[in-house]
Amino acid sequence: RRSRPTAWLLGLLAFTLLWDASGLDTAVMQAIGSPQGFALRDAWLLSAVLHDGLRHAMTVAWLLLIVWSLWPGLRLPRRERWLVVALAGLSLLAVNLIKNASLTSCPWDLRTFGGSAEHVSHWARGLVDGGPGRCFPGGHASSGFAFMALSLPWLLPPAAARRRVVGLRWLAAALFIGLLAGAVQTVRGAHFPSHTLWTF
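Start counting at 1 in the sequence shown, then tack on 74, and there's your number in my numbering.
Careful: at least some of the hints might be erroneous.
Cβ pair distances, simulated, as ranges [as the list claims (entries may be wrong)]:
1. G97 / R152: 46 to 52 Å
2. Q110 / V239: 47 to 53 Å
3. R208 / L150: 33 to 39 Å
4. W156 / R238: 20 to 26 Å
5. E192 / Q110: 14 to 20 Å
6. A168 / R237: 47 to 53 Å
7. E192 / F89: 47 to 53 Å
8. R208 / P151: 37 to 43 Å
9. I140 / L119: 27 to 33 Å
I should point out that these hints are in silico values taken from the structure, not numbers from a laboratory.
Backbone N, C-alpha and C fix where the C-beta goes; we use that ideal spot for every residue, glycine too.
Generate the whole structure from the sequences, applying the supplied hints.
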């Protein structure tokens, strides 16, 4: 049982590597976009609600997480709560540091979709694509995935069945928000699907 999470992570890594090597990123974006760009880039539901609104909601969730870590008298020890905050914060920091150093431009910046950049693999280190860069990995997806840390106190052994249910619910919520944020950005033309996979 303890090796099951490792098997899942290795399987996900293998899937991500295969997806990255398959060229499906380009096929997906060509199905969504056109030489004129991405029709849903500025759609109200995607842009104002599921992009800006979700970002604000996750900022509030982050502040609530910090308040939770400081709140006295809770059943979960404060040390474990601070560990959750530290892990979530470190994951957000790591994604942002990589993103700020990335030379990879977003799909909507590519010449194929009306921009000026050429498509260059995000693994081609030091190779400039002619665009603004800073588009790998996915920042908005990371705002959801970071909260996977919240599931750890309830999932790590020894954990009773009732505690595992709580942990799995937190894990499912974080995965849902991260995948939703990544999917929204893909449909808008801001990120390739692989960006969300690597962010996870």
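Inset, instruction - Could you say whether the range 27 to 33 Å given as a hint is met by the Cβ separation of I140 and L119? - result: 30 Å, holds
Legend entry - Consistency of beta-carbon spacing, F89 to E192, with hint 47 to 53 Å: About 27 Å separates the Cβ atoms of E192 and F89, which means 47 to 53 Å is violated.
Inset, instruction - Given the hint of 37 to 43 Å, check if R208 and P151 actually sit that far apart at their C-beta atoms. - result: Given about 39 Å between the Cβ atoms, the range holds.
Legend entry - 47 to 53 Å as the expected CB spacing between R237 and A168, which holds or is violated: 28 Å, violated
Inset, instruction - Just tell me: holds or violated, for the beta carbon distance of G97 and R152 against 46 to 52 Å? - result: 49 Å, holds
Inset, instruction - Using the Cβ atoms, figure out if R208 sits within 33 to 39 Å of L150. - result: 37 Å, holds
Legend entry - Outcome of range test on Cβ distance (E192, Q110; 14 to 20 Å): 18 Å, holds
Legend entry - Hint check for V239 and Q110 - Cβ pair distance inside 47 to 53 Å: 48 Å, holds
Legend entry - Supplied distance hint 20 to 26 Å, evaluated on CB atoms of W156 and R238: 22 Å, holds
Comparing the model with each earlier hint shows violations of hints 6, 7; every other hint is respected.
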